[in-house]
Each structure stands twice: as C-alpha cells, then as structure tokens.
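Chain by chain, the residues run as shown.
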Amino acid sequence: MGDENAIFKNGGISLNISKDALAVWKNHRQINAKDHEKFGVIIGSCSEIKDEYWVESITTPFPNDRSTRYSFLLRDRNHQKAVDLAFVESGGTSIYLGTWHTHPELIPTPSLIDKMDWLSCIGKNPGRQLFFVIVGTKEIRVFVRTSFGFTKLIMES
Amino acid sequence: MSIQKHFNTFHDAIKLSKQDDAYKTARERDDSITNDVRNAFKDAGYPVIEDFIQGSISTDTAILKKSGDFDIDRAIVIDCDNAPDNCVKPKITLCENVLEKRGFQNAKIKKPCVTADYKSENLHIDFPIYRKNGAEYELAIGKRNADESNRKWEEADPRGLKDWIKDKSSYIGSASDKLSQFNHLVRYLKRWRDEKFSEGVAAKIHSIGITVMAKQCFSPSFDSDGKPDDLIALKTTVSAMLIHGYFTAKANSQYQVSAFLPKKPWRDIFDGSSVNTGTQFRNKLSTLEGKLQDAISETDEIEKCKILREVFGDDFPVPEKSNNSASTRKAIFSSSGAVGTSQGA
Ligand SMILES: [Zn+2]
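Chains as they are written, first to last, in the numbering used here: chain C, 1 to 157; chain P, 1 to 345.
Derived by calculation from the structure, the hints in this document are not laboratory data.
You may find that some hints are simply not true.
To be verified - Facing chain C, according to a computed beta carbon distance under 7 Å, are these residues of chain P, among others:
1) Thr299
2) Lys330
3) Ala331
4) Ala338
5) Thr341
6) Ser342
7) Gln343
8) Gly344
9) Ala345
Unchecked claim - Computed Cβ-Cβ distance ranges for the label pairs, DEER-style:
10) Lys81(C) with Ile172(P): 32 to 42 Å
11) Glu303(P) with Lys19(C): 31 to 41 Å
12) Ser180(P) with Ile49(C): 27 to 37 Å
13) Ser2(P) with Ala33(C): 53 to 63 Å
14) Ile332(P) with Thr151(C): 20 to 30 Å
15) Pro317(P) with Gly11(C): 24 to 34 Å
What the hints assert, rightly or not - Stretches of chain C that chain P covers, calculated by requiring three or more beta carbons in the stretch to come under 8 Å of a beta carbon on chain P:
16) 32 to 41
17) 65 to 74
18) 79 to 87
19) 120 to 131
Being a predicted model, the structure only gives us computed values, none of them experimental.
A virtual CB, placed ideally from N, CA and C, is assigned to each residue, including glycine.
If we strip away everything but chain P, and leave its shape as in the complex, we get:
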C-alpha cells in the first residue's frame, strides 16, 4: 500500500481551509470587526477602500494549530490621499475606537499590525494597515509611541507576495497538481515546526519564512501514473533548503538563518533572529532530512509510518498490523534490494 494514502490522511487532519466550519466562525467575528473598522475609519477621515485576507489562509497553506488557535490576517487599505502622514494614527484609531470599544482587553499595536485576541474562541486577528497609491501599497510600520524615526509607511506588496506563493506558471506539466503538492509540503513543514521546536523558538521560525524557502526549493515528485509522492517531494525539497544558502555557518557549529521576501520590501524575513534560532532550525531541518530518507528506505508500511509519526506527531496515522489469518499472503516490496558487491572468506 502506498505511503501517499497516509500523507493524505495526515494532510486532511492538519489543514485549515476557508471551507472549514471552525474557520467560518472565526470569519464571522472578523467580518463583524472589519465592519466596525470601516465605520471608524470613515469617521476619522480615511475611509477603507479595500480589505482582504492575506497570510496562509489566502495561499492554501494554513494549518490547524495544536493549541486550537486560529489566526486571521485582515489587511485594511486606505487611500494615500487621505492617509495621515503619521502612519501610527490609523492604528490607534483601530485599537481604541474599534477593538477597545468592543471590549478587547489585549488589543495591541505592534510594529507591522494591530492585533486582537478573542480568548474565548481561540481567535487571533492581525490587522496590517496599508495606504494605496495607484497600484502600490505601503504598510504602516511603528508601535504606539514611535517617534518619526521609528515609524514609516513602508513599501509592501501583499498581493504580489500572495500571487508569488500561488504562482504555478513555472511548473511544467500538471501545474495545479504541483501547486497542490507544494501546499501540502508547506503544511507538513509547519506542523513539523510546531512539533519539534519549543513554543518560543517555533514562533521565530516564521510561517512566511518556511513558505518562501519551500517555494524557492520546491521539487515536485509524481509517480509514473501521475500520482503525487509527497514523501520524495518533501525529502528533495528539504535537501534543497539546506544547501540553498539560507543558513550561514558561524563559529562553533552555529548558524544564522536569513531568507528575503521575494517581493517588496525585500526584507530579511528572519531579520534580528539569533544564532540559537538559526542553529536549531538548521540542525533540526537536517535531522528531518535524515528521517525522511529513513522513511523512504524503509519498506515496511507500518515502520515507515512510525518514522513519520516521530517527525510529524500523532496526527500522522500508523495503521494497525494486519491480523489477516491468511499468513501466507506475501508482502509486496517497493524495491528489489541492493546486491552491490560482497566478499567473504
């Protein structure tokens, strides 16, 4: 039996998509707040001209967190002509006139966005605010009390990034299948991160970083019938990630990680990250590569699944040993075995 069947089961268990019921509740909350934002921004003199979901939900790479929390990234866009020079102002409007009024105790102005937590519903919403000039977006960067040197409207390309992640024009052959395999791989890697790193370090291995690295290193794999082989694809993609140049060796076998946004503002996604983060990321990725190779080499289906459960956690299925009474049914192997050279005396 093919291992892909088990990857599909695993994928179904971890994926979060727009159609999921759990996500629908979150969306209702989000819609209701966004409506309030529209009203508040109109009163403040900079009406919302568009809003859209960005982040992993919009690129079909979202996963269910083990904690059960949901994240929504809701971009709010105002027109450049109406936007105040002080980019923090609309963030304060959002925080005070919308979120605090609705009773969010923990609404916070962070550097790139305003955040709100629905504690009771495990919902976490990020509101990045952009101003738009023609087709160009600029993101409001700055904390609540940032002075002029610490705040700015910074060039950004949220839609361009989304399109870049979803781009399949470079895939030869069945491009949609390949994009779908890419989405699977990103979800596997994100769950691997949530399994293998402490919460603090996992938070620093940003999802967008994993996504960009996987996109740049993606190596699709399909069998001769055109069926996806996610195990091989993941192994070759991870191998490519390790040698792509994201990890720079430092003294004492330590590593610094960096990966640049492929769109404006082209910044390093891991800017300011420590060598501890880089070293753990690099070493655990290398361990992952080895485990995936072990799983590829392993011929027993159950043993294969056990290796993968060790990597991805309990959502990876391990089938029960078949208790078929016809014990003479023969095992089917994936390869004939390697003879190589042998010697003896």
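Just chain C, same shape as in the assembly:
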C-alpha cells in the first residue's frame, strides 16, 4: 500500500486515489497501542459526467481538533480553509469529497457513530457524491452511500 495509485470501484463510480494520499494514510495508521485516531477531509475532483473521481489531497488533524484512541472530533476551521483554497486554485473543480479516519483494527468496519456522521456530511452537501475512507492497520476501505446503505468500494488489483 502506498507505492502507486489505487482505484476503487462500485457500480458506475470509480475513485482514483493518488499515491501521495495513500502514503499519508500509510503513515497515519494506528499501529502503536497509544496512537490516537487520525482523520481529515478528502479534497478532489470529478469528471464532467460524474463517473470518475480523483482524490487530490487530504488534510490531517489541526490544533483545534480533538481525538482519543477510539474517537475523534473534526472541528478546526483549517479543514474548510484547505477545501476553499483548493476550490479557488482549481477554478472550481476541486471540492470537498468526504472524510477519512483511522481505526486500530486490521480490516476496518464503520461504527454506528461513523455512519451517523457520514449521513450528516451528505446532508450538508446535497447533490454531491461523497466518499468516506477508513484506514485500518492492514487495509484501506472506501465507503459510499447507496440505496442499500453504506457500501464499500472494491479495490482494483
């Protein structure tokens, strides 16, 4: 993980994650017993017909955020600032694409709190396709909301 781009797919949607973003996630894995959860927002773009998405950059915790080993609270305004800056610099193509956070488990599964929060993210961004990433100690999983609830994207090998 982290040597080259990764592509995740589900139905008609694909998410292309740059190797830089993968490298950040690899470095933030909760491997040690004392590691707090790490988290941030995903910034990226999509094709005009909205079938291909690209993760271009991600943010990491800022001073006003809070976290424990099993929870986090993302509230520092610098996340929004990073999104807004990317938006302006890209001429309107780079936007908020969702959130990511770590779990201290090999293969991560979303908690109820995670899912509630994702629904609230979707509510705040009506009409937008959002992606939610959980970085486990072994695997990265990407979730999107479908009519069946939150479904994971399959990584292309």
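Go by the hints and put chain P with the ligand onto chain C.
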C-alpha cells in the same frame, strides 16, 4: 454553465409581449371592436375620451397560457359630465350595441367589466369602463340587473396601479435590470400557478395578486459581474411572500389569503376567497420555496434543471447529458462543499 441561461430560455418560452405575432392578431381584433365601441358610445351620448390597455401586457408581466388563450384588458373611459348615473348603462350599450351586433354569443356583463370571447381565436377581451373626473377614474361596478345598492361608480386608479408595478425608483443601482428581473419573476410565478393548481383554484389566485405580492416582496439578485441570478431572486422573493402577512393561519392548519391593492380602491384582491384557496396557495408556495432551495443547493446542472422542470413544467429546459468523449474533462462546481464538524469512532 450557469442556470441563468436556462431561466432565460424558459422566460422566452412563456413570455407574451406586445411585439409577439400572436398578440398582434389579438390586437387587431381588439382595435376593431374598440372602434365600434367609440361609435356606439358617441351615439349613446357619452363619447369615449380615452382608451388604453391595462393588465399584464401593459406591465410586461404577461405570459402565454398553456391553453393558448389570450387576454386583453381594454379600458374604455368616458367623461364624468356625460356619464349616466346608472353605471351599468354603458356596459349594456357595449354588450348589446357592439358585441352582440358583431355576433358574440357569449358577451357577458360581469361586475367589474364586460367580457367577450373570440372562441375561434382563443381571444378573451375584458372591457372595464371608467368615468373620468379631472385626473380621477371611477370604475363601473355592477352586473346587468344590479339595483342601485349593487352598482356604483367606484374610485379606481388603473394608471396609478400600472405605474406602481412598473416603478423602479426605489431600486438602487441598475434599476432597469432590476425591473426586468421583477418582470421575469412574475412570469415564472404565473406559470408555476398554471402548472401546480387545478384550473378552478388557479383562476382564484389572481395574476394581479401574484404581481402585487411579488412587487412588495421583490428581492433582486445579481452576481458580482452584474448578471442576473433569477433563481436566487425568486427564492428570496418567495420566502418573503410567505412571511409578509398575506397568509393568516386559521384552525386546522388552514390559511386565509389577502393582499390589498396598493392604489385606489385599496380593496383586498382576494376578497371573498375561500380557506381552500388560501391553504393551497400558502402550502404550494411553501413547497415551491423548498424546491427552489433544492435547486440552489444542487450542483449538477442537469439535476438542477430537472428540479426546476418539476416546478415550472415542460417549458423549463433540461439539457442533454454531454456525450463528450473526453471523459476526463472535469466538472466545475459552484461551491467548494461544506466540511462543518465531523466525528467518528
Ligand atoms: Zn470510525
């Protein structure tokens, strides 16, 4: 691509203006009848001293009806000194000596006017008759057989109302652009009414009512380049209409609607309207507000247009999905997205 382009297309599709060919035919009919009215009124001893078009055509807020019908409001004015005390008399003259002679089977004397239908041409003409004293107008009110207590020359201000609707003196900055945006909004609201209400209820949500409410609540919107943003303007105007006080809550979540003419005779435009009309009007206006907000929040151009077509009907354009083979062309968004706060476990 901006949603305004699609609003402009929609506006072109629904607007009816003096220059339209369809309207010209209607005007020719109207001119010919008005000429007969002049002759008949002269013979009757109360010559016509002026006539003018009133109503939405004169205020640039007319729309094409889905039925294809045209309305013309042709005001006929006689001098106060020659006007008979019985205000119904000139209405009967117009009805019998002009319209019935010309073969209108369905000429009718209504309370505020005489009406005639050109069935074959989908043309409907209203003739309000006024008497004029100095600069003051009085409208002939009363049905054919109205007795003295049910008929009167009632103070009115048809030109004042028209000027009030067209007034732009209170608009700061590019006043003409703002008036033009106002005219757009009134046309959108009228088409929305024709789409969303049954014919019977739509007829009770009078165009002049919509126009007066929109004028009093108008909230212009232009982007930083000075280009109109009709979607935002309509949303904020509709929101203001909902809280302006036109709708009075009654028992069982029902509403009574009322809005007063801003000029003489200052009457309630919705006088005598039922709570059913008021409730439907209020609730559908509230739904409209929500849909407009959805359209504002929606970032995909096609999806935006789909929401608006649901509101305004098939005349609102929905562009085809671009089949550009360069699938890596990036979508451009109107906003960066809202991060807010997030939590997880
Ligand atoms: Zn979690």
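Going down the list of hints, with the structure as the test:
no.: 1; hint: Thr299; verdict: 5 Å, holds
no.: 2; hint: Lys330; verdict: 4 Å, holds
no.: 3; hint: Ala331; verdict: 5 Å, holds
no.: 4; hint: Ala338; verdict: 4 Å, holds
no.: 5; hint: Thr341; verdict: 4 Å, holds
no.: 6; hint: Ser342; verdict: 4 Å, holds
no.: 7; hint: Gln343; verdict: 5 Å, holds
no.: 8; hint: Gly344; verdict: 5 Å, holds
no.: 9; hint: Ala345; verdict: 4 Å, holds
no.: 10; hint: Lys81(C) with Ile172(P): 32 to 42 Å; verdict: 33 Å, holds
no.: 11; hint: Glu303(P) with Lys19(C): 31 to 41 Å; verdict: 33 Å, holds
no.: 12; hint: Ser180(P) with Ile49(C): 27 to 37 Å; verdict: 35 Å, holds
no.: 13; hint: Ser2(P) with Ala33(C): 53 to 63 Å; verdict: 54 Å, holds
no.: 14; hint: Ile332(P) with Thr151(C): 20 to 30 Å; verdict: 28 Å, holds
no.: 15; hint: Pro317(P) with Gly11(C): 24 to 34 Å; verdict: 29 Å, holds
no.: 16; hint: 32 to 41; verdict: holds (count 3)
no.: 17; hint: 65 to 74; verdict: holds (count 5)
no.: 18; hint: 79 to 87; verdict: holds (count 6)
no.: 19; hint: 120 to 131; verdict: holds (count 7)
Comparing the model with each earlier hint shows no violations; every hint is respected.
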